[in-house]
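J.: Go ahead and model the full structure; you've got the sequences and the hints to work with.
Residue numbers (the working numbering), protein chains in the order written: chain A, 10 to 120; chain B, -2 to 110.
By construction, these hints were calculated from the structure, which means they are not laboratory data.
Keep in mind that the hints are not guaranteed to be accurate.
DEER-style ranges, computed between Cβ atoms [as the list claims (entries may be wrong)]: (1) A/77 x B/35: 28 to 34 Å; (2) A/78 x B/73: 39 to 45 Å; (3) B/61 x A/26: 27 to 33 Å.
Note that the Cβ used here is the ideal one computed from N, Cα and C, for glycine as well.
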Amino acid sequence: QKEVEQDPGPLSVPEGAIVSLNCTYSNSAFQYFMWYRQYSRKGPELLMYTYSSGNKEDGRFTAQVDKSSKYISLFIRDSQPSDSATYLCAGSGGSNYKLTFGKGTLLTVNP
Amino acid sequence: GAGVSQTPSNKVTEKGKYVELRCDPISGHTALYWYRQSLGQGPEFLIYFQGTGAADDSGLPNDRFFAVRPEGSVSTLKIQRTERGDSAVYLCASSSGQHLEQYFGPGTRLTVT
Chain A
10 QKEVEQDPGP
20 LSVPEGAIVS
30 LNCTYSNSAF
40 QYFMWYRQYS
50 RKGPELLMYT
60 YSSGNKEDGR
70 FTAQVDKSSK
80 YISLFIRDSQ
90 PSDSATYLCA
100 GSGGSNYKLT
110 FGKGTLLTVN
120 P
Chain B
-2 GAGVSQTPSN
8 KVTEKGKYVE
18 LRCDPISGHT
28 ALYWYRQSLG
38 QGPEFLIYFQ
48 GTGAADDSGL
58 PNDRFFAVRP
68 EGSVSTLKIQ
78 RTERGDSAVY
88 LCASSSGQHL
98 EQYFGPGTRL
108 TVT
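T.: Here it is in structure tokens:
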């Protein structure tokens, strides 16, 4: 079992839809959880991160972590065609903060 | 300001050859990470530098892989006797003292023929 599991999709939604992206993890040592966005042939771009359990909101994006169920989510409101990309979740624990990524979910937002 | 840069952007090499991949981190960032991303997968950790020293090299797949950061800034990932299975995008990331926010470069796409 991989430490971070993520459904690779692909996921296709109409413009304006609410998108829900999810991951599960198995490493209890993870304390920090990140969401990265990766456009085709580009490096990952950090969207947001959360510490332990709880919610964090940034504009149209909301990240949620439920440590009791080892479940992390990213919600995108009012999705735009420019949101079309691969979304990567990652967990981190320990002093060196190395990231353990899921496979990524390919999202397409259709105009 | 300038982000993380990586050179070359693409590298094609023959099986058995030696390659070097370069990473220029964001100025002032003390932490530097190398990851490898295979097709359809998320990035996988290779090695982490804090300053000049490799603080964690547990992700390097075998002794053909080696990385240096002699002056605490630019880093070079070196791969000896390349194999076709080494084909992937090699990503570099850097961060400041608050290691949570890792900023990635565009990657070097390595193809071993």
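J.: Indicate, hint by hint, whether the structure satisfies it.
T.: Against the structure, the hints come out as follows:
Checked against the given bound of 28 to 34 Å, the beta carbons of residue 77 of chain A and residue 35 of chain B, roughly 32 Å apart, stay inside it. In this structure the supplied range 39 to 45 Å holds for residue 78 of chain A paired with residue 73 of chain B, their Cβ-Cβ distance being about 42 Å. Between residue 61 of chain B and residue 26 of chain A the CB atoms are about 46 Å apart, so this pair departs from the stated range of 27 to 33 Å.
Hint 3 alone, counting from the list given before, is not met by this structure.
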